[in-house]
Amino acid sequence: MNIQKLVLPLSLQDISQLKQGDKALLTGILLTARDAAHKRLAECISNKQELPFDLRESTIFYCGPSPTPDGKICGAVGPTTSSRMDKWTPLLLEHGLRAMIGKGERSEAVQNEIRRMGSIYFVAVGGISAYLTRHIVSCETYLWEELGTEAIYRLRVVDFPVYVSIV
Amino acid sequence: MKVRVLESAYIEQELFAAIQSISFNPDPDIKFCLQKALDNETSPLAKDILMCMLQNLKAAATDRIPLCQDTGSLVVFADIGCKLQILGDSLPIIVNNALRRATSELYLRASMLKDPLFSRINTGDNTPAFFHCRINPGDSLKLKIAQKGGGAENMSRLKMFTPAASEADIIDFVVETVLLAGAKACPPLVIGVGIGGNFETSAIMAKEALLQPLLMHNQDLNYANLEEKMLKAVNNTGIGVQGMGGNYTAFAVHILEQPCHIASLPVAVNLQCHSHRHISIEL
Ligand code: SF4
Numbered sequence: 007m008n009i010q011k012l013v014l015p016l017s018l019q020d021i022s023q024l025k026q027g028d029k030a031l032l033t034g035i036l037l038t039a040r041d042a043a044h045k046r047l048a049e050c051i052s053n054k055q056e057l058p059f060d061l062r063e064s065t066i067f068y069c070g071p072s073p074t075p076d077g078k079i080c081g082a083v084g085p086t087t088s089s090r091m092d093k094w095t096p097l098l099l100e101h102g103l104r105a106m107i108g109k110g111e112r113s114e115a116v117q118n119e120i121r122r123m124g125s126i127y128f129v130a131v132g133g134i135s136a137y138l139t140r141h142i143v144s145c146e147t148y149l150w151e152e153l154g155t156e157a158i159y160r161l162r163v164v165d166f167p168v169y170v171s172i173v
Numbered sequence: 024m025k026v027r028v029l030e031s032a033y034i035e036q037e038l039f040a041a042i043q044s045i046s047f048n049p050d051p052d053i054k055f056c057l058q059k060a061l062d063n064e065t066s067p068l069a070k071d072i073l074m075c076m077l078q079n080l081k082a083a084a085t086d087r088i089p090l091c092q093d094t095g096s097l098v099v100f101a102d103i104g105c106k107l108q109i110l111g112d113s114l115p116i117i118v119n120n121a122l123r124r125a126t127s128e129l130y131l132r133a134s135m136l137k138d139p140l141f142s143r144i145n146t147g148d149n150t151p152a153f154f155h156c157r158i159n160p161g162d163s164l165k166l167k168i169a170q171k172g173g174g175a176e177n178m179s180r181l182k183m184f185t186p187a188a189s190e191a192d193i194i195d196f197v198v199e200t201v202l203l204a205g206a207k208a209c210p211p212l213v214i215g216v217g218i219g220g221n222f223e224t225s226a227i228m229a230k231e232a233l234l235q236p237l238l239m240h241n242q243d244l245n246y247a248n249l250e251e252k253m254l255k256a257v258n259n260t261g262i263g264v265q266g267m268g269g270n271y272t273a274f275a276v277h278i279l280e281q282p283c284h285i286a287s288l289p290v291a292v293n294l295q296c297h298s299h300r301h302i303s304i305e306l
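Quick mapping for you: the protein sequence lines, in order, are chains A and B.
Straight run, no breaks: the first sequence in my numbering ends on number 173.
Straight run, no breaks: the second sequence in my numbering ends on number 306.
Bound conformation, chain B alone (with noise of 0.2 Å):
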């Protein structure tokens, strides 16, 4: 079998990149979206945020300031393929140690703690990051990347669902969730939600949905008419742009699914703001 060797100093260089781009620019689509609700929206107060939220992309970039000053705990999933080698250090070690020189370097927060509950000591470099690997066939190495603020985090939800739920019930939960999160999460949002797969999973497939381009439905037509009925009942909510009301509470809900078990029917709603920081690469 041919195998394909990487470097993991490549690696670190390629991730320090990836999130030193991802603390100054957003998901592409962020201005286009910021954009039509601005041309869209109604009301006065709406369209005065959204114009700050516009005019920031434009200070983070230039000022090199990072766009939310919650820098985020960072999120990444790496698919690694089965004829790909990396020499020198593990994939996670190669993952904290990037993110050690870019809190550094780029001057961002250390928001991440030792101990959840006792002693609540920061680590002081935000390290260590959320790590999450599958292999595949193949020889290369997909990253996807995020950096995730603890606002829209503290609001997410999950719940264990029975094969009695309709799709109704579970279009209500992510409105609830919505509803119960408010101005907290920054919206207008971005809703991953994963549907199935078990307790774990279900969390786990939310939050990559995040990760998917913006604009991109579901391949499903099942689920990404789901798609289009939850971001149609999550805008109808009127908590609108930062909770000051409004037709723009979210601009994008992303589904995933998977196989689950007889008797469950998980579903998981992770929220994110409209600092929707993440990128994908592929080495």
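Isolated chain A, as found in the complex (with noise of 0.2 Å):
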């Protein structure tokens, strides 16, 4: 197995580099998003909305933590079912979405879509929250708190593992 350290944002070049099967270890920024945040997004590009970052330097996870206890960095994090996402996913790519990390196969038309736009899909393993929070170094909600859970959060992470799964 092929494991390679990668800093975050992706650049193309970093992308066309990696292959189906390949363990990353991604340092940098994760913005979470599930279905709800992917809602509103999809909103912003239809009402033609600034959106709230920038898509081309972003690594979106399919995540929604379980709150923060007292005194730690971040409550429990993994990746939900990216499936949900399918609906979304094709147009947050046509505005440039690098990079995402969820569980679960996509839909044909996603993994096209994120092939013919060197995008890269990466797959976390679920169930394994208290390890993955181990390489998380800071947690701040980003965007939309009151949707709890559902709110983007920003994470920074330090050798935060993945697999490549569409590329």
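FYI, nobody ran anything at the bench for these hints, they're computed from the structure.
Computed from a prediction, not measured in an experiment: that's the story for all the values here.
Positions of the beta carbon are idealized from the N, C-alpha and C atoms, including for glycine.
One should not assume that every hint holds.
[As the list claims (entries may be wrong)] Cross-link-like lysine to aspartate or glutamate pairs, in silico, EDC-like; alpha carbons within 20 Å at most:
hint, chain 1, residue 1, chain 2, residue 2
1, A, Lys45, B, Glu231
2, B, Lys137, A, Glu151
3, B, Lys182, B, Glu231
[Claimed, not checked] To give an idea of the chain B side of the interface with chain A (calculated C-beta under 10 Å), a few residues:
hint, residue
4, Gln36
5, Ser44
6, Ala83
7, Ile88
8, Arg124
9, Ser127
10, Ala206
11, His297
Assemble the dimeric complex from its two separately framed chains, guided by the hints.
Spelled out as structure tokens, the structure:
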């Protein structure tokens, strides 16, 4: 198994060197977003509003963290099922979304779009949240706090373990 | 008739302790199954993931961070002895009080919505729990408690077979369910199968089947053999750990069966992920 250490945001060049089945250890910023946040991002685009962050520099993590306990850096994090986001992903890819992390398969349309845009989809292991949380050095609510666990959180990660699924 | 009395505060405290325990420690046999899979698995990718899963068990217990960020909806099966009286609140209220307290004090994720279709507003404290209750002889209170994540639950299925269905048809249905779930249900899985009963009880049996000790088999030899056959068929799919291939798609299949109507043969399959969080207590 090929293991690569990568710094976020990924460049198109970084992505072109990765192959399906590689393990990647990511260092940098992840933005969490699940169903509700995707819906809002898509609404921003369709209303021609400016997006709150640059998708070309973003690694979106399909994740709804558990609350941060007192005195800890972050609660439990882990991937949720990616295919629920398939509905919105082509639109985000069209606007430059660089990388995604989730769990499970993607629709054929999304697979094709990921490859066409030179983007990448990683899978993280589900159900190993306490282990993943050890790779987080900071966690803050970034956008839409009222969505609770479905808000966008900004996570700074070090050597966060994922596997290349679609590239 | 002599009646035994339990205070609701005591039951609530025991439920809180149970939720606390499973938030950070899965079924005790999960560690054994993960280690065995790691020893026998040949795929380097699957081995790498199994190692992370084993490290997660340690990290959760040491750091007091939940095993999975989806701390589930709470499912409780209660067997109440008819010679038991509960003083104070009723049992469903006690369960929700314990859950509310656990969600806040243990920093669990609130994942329950008030309305499923229209408002979809979060209740904020992970209540209500799913509560099943039976009255039995005796004076004890037996509680089976689980945190059930959404990923595996979403991939569960129910089919109303007719009596023409064979054992092979039912095995195929279980395998098909696992194939459709792929990585979404976070394999290695535990699979609960309810056979017989009617539409609703087959699903409840499938859920309750998950809450047995992980390495236990059905008491009836025919059903125990069927569990074995299903497990083998599921592990032959090659889905493997987290859908990455290999020989360990599931750790166990548990069947519960019930009498059914002459026209029917309901089969429900409830999937559970490797984050197999449940406990049984008797008060
Ligand atoms: S299916 Fe289980 S392990 Fe996977 S994310 Fe859901 S609760 Fe966690």
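Are the Cα positions of Lys45/A and Glu231/B separated by 20 Å at most? Judged against 20 Å, a Cα distance of about 35 Å means the pair is violated.
Is the straight-line distance between the alpha-carbon of Lys182/B and that of Glu231/B 20 Å or less? Roughly 18 Å between the alpha carbons, so the hint for Lys182/B and Glu231/B holds.
Could you grab the alpha-carbon distance between Lys137/B and Glu151/A and see if it respects the 20 Å cut-off? Satisfied, since the Cα-Cα distance of roughly 19 Å is no more than 20 Å.
Per the CB criterion, is Ser44/B less than 10 Å away from chain A? violated, 15 Å
Quick check on the hint: Ser127/B CB to chain A CB, less than 10 Å? holds, 9 Å
Is the interface hint satisfied for Gln36/B? The criterion is a beta-carbon contact with chain A at less than 10 Å. Violated, because the Cβ-Cβ distance from Gln36/B to chain A comes to roughly 21 Å (cut-off 10 Å).
Restraint check, 10 Å cut-off on beta carbons, for His297/B near chain A: holds, 6 Å
Any CB of chain A closer than 10 Å to the CB of Ala83/B? With Cβ-Cβ at 4 Å, under 10 Å, it holds.
Closer than 10 Å between Cβ atoms is the bar; does Arg124/B clear it against chain A? Give me holds or violated. Result: violated, 14 Å to nearest chain A Cβ.
Can the hint on Ala206/B be confirmed by a CB-to-CB distance to chain A that is less than 10 Å? Nearest chain A Cβ about 4 Å off; hint holds.
Regarding the hint that Ile88/B lies at the interface with chain A, is the smallest CB-CB distance below 10 Å? holds, 4 Å
In this structure, the earlier hints numbered 1, 4, 5 and 8 are contradicted, and the remaining ones agree with it.
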